[in-house]
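**Q** Chain residues, written in single-letter form:
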Amino acid sequence: MLLKVVKDWGGQSNKFERIWLLAKIEFKLRYYENKLGLLWALLKPIMDICIYYVVFKIIMKTDVPAFASFLFIGLILWNFFVESTTGSIQILQTKKYLYEYSNMNKLELYISQLFSNSIGFVFNFFMFLIFYSFLEKDSIGISFQILWMLPIYFNLFILSLGLALILSSIYIIAKDITQIWQVFVSLLFFLSPILYNLKLFKSALPTFHYLNPIAGIIINARRVTMEKLPPDFNLFLWNMVYAFVFLFIGVFVLNKLGAKAAEKL
Amino acid sequence: MNDNIILSAKNISKTFVISEDSHNTVKHRLFNLFNPPRRKRVEAIKTMSLEITKGESIGLIGRNGSGKSTLVKVLAGVYPVNTGQLRINGSTMLMNLGVGMSHELTARENVYISGSVLGLKIKQIDAIFDEIIDFAELREFMDTKIKFFSSGMVARLGFSIAVKAGADLMFLDEIFAVGDMKFQEKAVKVFETSWIEGKTVVLVSHTMDTIQKYCNRTIYMKNGEMIFFGDTLKAIELYEADNV
Numbered sequence: 206m207l208l209k210v211v212k213d214w215g216g217q218s219n220k221f222e223r224i225w226l227l228a229k230i231e232f233k234l235r236y237y238e239n240k241l242g243l244l245w246a247l248l249k250p251i252m253d254i255c256i257y258y259v260v261f262k263i264i265m266k267t268d269v270p271a272f273a274s275f276l277f278i279g280l281i282l283w284n285f286f287v288e289s290t291t292g293s294i295q296i297l298q299t300k301k302y303l304y305e306y307s308n309m310n311k312l313e314l315y316i317s318q319l320f321s322n323s324i325g326f327v328f329n330f331f332m333f334l335i336f337y338s339f340l341e342k343d344s345i346g347i348s349f350q351i352l353w354m355l356p357i358y359f360n361l362f363i364l365s366l367g368l369a370l371i372l373s374s375i376y377i378i379a380k381d382i383t384q385i386w387q388v389f390v391s392l393l394f395f396l397s398p399i400l401y402n403l404k405l406f407k408s409a410l411p412t413f414h415y416l417n418p419i420a421g422i423i424i425n426a427r428r429v430t431m432e433k434l435p436p437d438f439n440l441f442l443w444n445m446v447y448a449f450v451f452l453f454i455g456v457f458v459l460n461k462l463g464a465k466a467a468e469k470l
Numbered sequence: 147m148n149d150n151i152i153l154s155a156k157n158i159s160k161t162f163v164i165s166e167d168s169h170n171t172v173k174h175r176l177f178n179l180f181n182p183p184r185r186k187r188v189e190a191i192k193t194m195s196l197e198i199t200k201g202e203s204i205g206l207i208g209r210n211g212s213g214k215s216t217l218v219k220v221l222a223g224v225y226p227v228n229t230g231q232l233r234i235n236g237s238t239m240l241m242n243l244g245v246g247m248s249h250e251l252t253a254r255e256n257v258y259i260s261g262s263v264l265g266l267k268i269k270q271i272d273a274i275f276d277e278i279i280d281f282a283e284l285r286e287f288m289d290t291k292i293k294f295f296s297s298g299m300v301a302r303l304g305f306s307i308a309v310k311a312g313a314d315l316m317f318l319d320e321i322f323a324v325g326d327m328k329f330q331e332k333a334v335k336v337f338e339t340s341w342i343e344g345k346t347v348v349l350v351s352h353t354m355d356t357i358q359k360y361c362n363r364t365i366y367m368k369n370g371e372m373i374f375f376g377d378t379l380k381a382i383e384l385y386e387a388d389n390v
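Protein chains in written order, with the numbering used here: chain A, 206 to 470; chain B, 147 to 390.
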């Protein structure tokens, strides 16, 4: 069964090509319809960084070293998560033209959407590396630990994919999931260690970084990029389990509810 | 499964549950927890079984509302079935006045996406791209978003993609109504030369001449039931006898 799927996705089939084509077109639609192009992808995190920097560093005098970079890496991961979940809720509606006339596998829609977001993320991540290496005053440089970003990013990708599948399937039967999720997302934002010192976060909300599936990803990403440390493996494994549980539920829900998208939406 | 069988359906049926007021928000569901919506069940497709072999051209006839379009969508794998099993051996494409195209994209992008969904590799699409655009007579507009196209232009593009790319199993729902007379002539010609041979086609039409000309077997539907599946002439005879 599994072998067949792998074989099907590899060799003769054009699935990868198709997913990549859809991702590229999606990306072009989002960023190249305006003059700013890719810089647009960077603009949002930079604006956010400016705002939080003023509030937390200048007004509240937080003691996090290299605070701008600290915000930078946290916010680009967070933005990817929000774009991939909130941005995918209505995907079965907006991409209806693709599955309404053929027996295309709907999972491909989601993967291509996330690939499209990944292009933006990779660009932002390189901007972060440049910023951290050359512009940040308190930078201690980058070590080979940064290679851990690959599995950490994979983890984030799977988590976002799982949630996107669940949310967009619920959208078929409950349209206001969009609003409900937005409230939940802003709650999750303030309950994630994006803005605060990690010690402060851990003492105020003990074990919460284990409960919040995105917290560990951000904590580990900072360790491997900014602190020259390996990831916290306990947390890393825990997050992987979260991601795959969500993915599993997501695929299940897509098959149950999502199959009815063509007739219900 | 026999390699020659492209589609096999066993005891499939499709029922739509239609509620009178739309309960599709959480808010609505909560406020009406003790006041469930009145629901109506519509049996669109009654239990039926059928098999289609490769290279066949199947006709599908019946009056309006007899379930033709629903059956087509079920067989194409767009709608899930309520009971039974459906096996499709390949890609399917359903075509009525348009195929799946995004109005936000240009003609070129739509050709690539549709071709890819139909199972072609990018290189294969590169090879037939010019043919598609020329057949649709849209060379000047290939980098224009199709939301600026007239409906005829969109339909022509869809038809050209379907002709040149084509899925393993094509469902054609009244496709000869596309374009002006000149384009229709061209469409019929292409249909006769390239589709009848090699491709597996399910043709939905109200024009008995078309059905009689192209289909070797025909399904006659009435009120969601498959009354007859077999010889085309017999099916048309039954349909016409019922219409008197």
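The set of hints was computed from the structure by calculation and includes no laboratory data.
Careful: at least some of the hints might be erroneous.
[Claimed, not checked] Lysine-lysine pairs mimicking PhoX-like chemistry, simulated, CA-CA at most 20 Å apart:
#1 K267/B with K311/A
#2 K359/B with K301/A
#3 K380/A with K332/B
#4 K332/B with K345/B
#5 K173/B with K469/A
#6 K233/A with K359/B
#7 K200/B with K359/B
#8 K229/A with K267/B
#9 K301/A with K240/A
#10 K342/A with K266/A
#11 K267/B with K220/A
#12 K293/B with K301/A
#13 K465/A with K192/B
#14 K200/B with K233/A
#15 K359/B with K240/A
#16 K359/B with K332/B
Fair warning: this is a prediction, and the values are worked out from it, not measured in the lab.
**Q** I'd like to know which numbered hints this structure contradicts. Please list them from smallest to largest.
**A** 2, 3, 6, 9, 14 and 15
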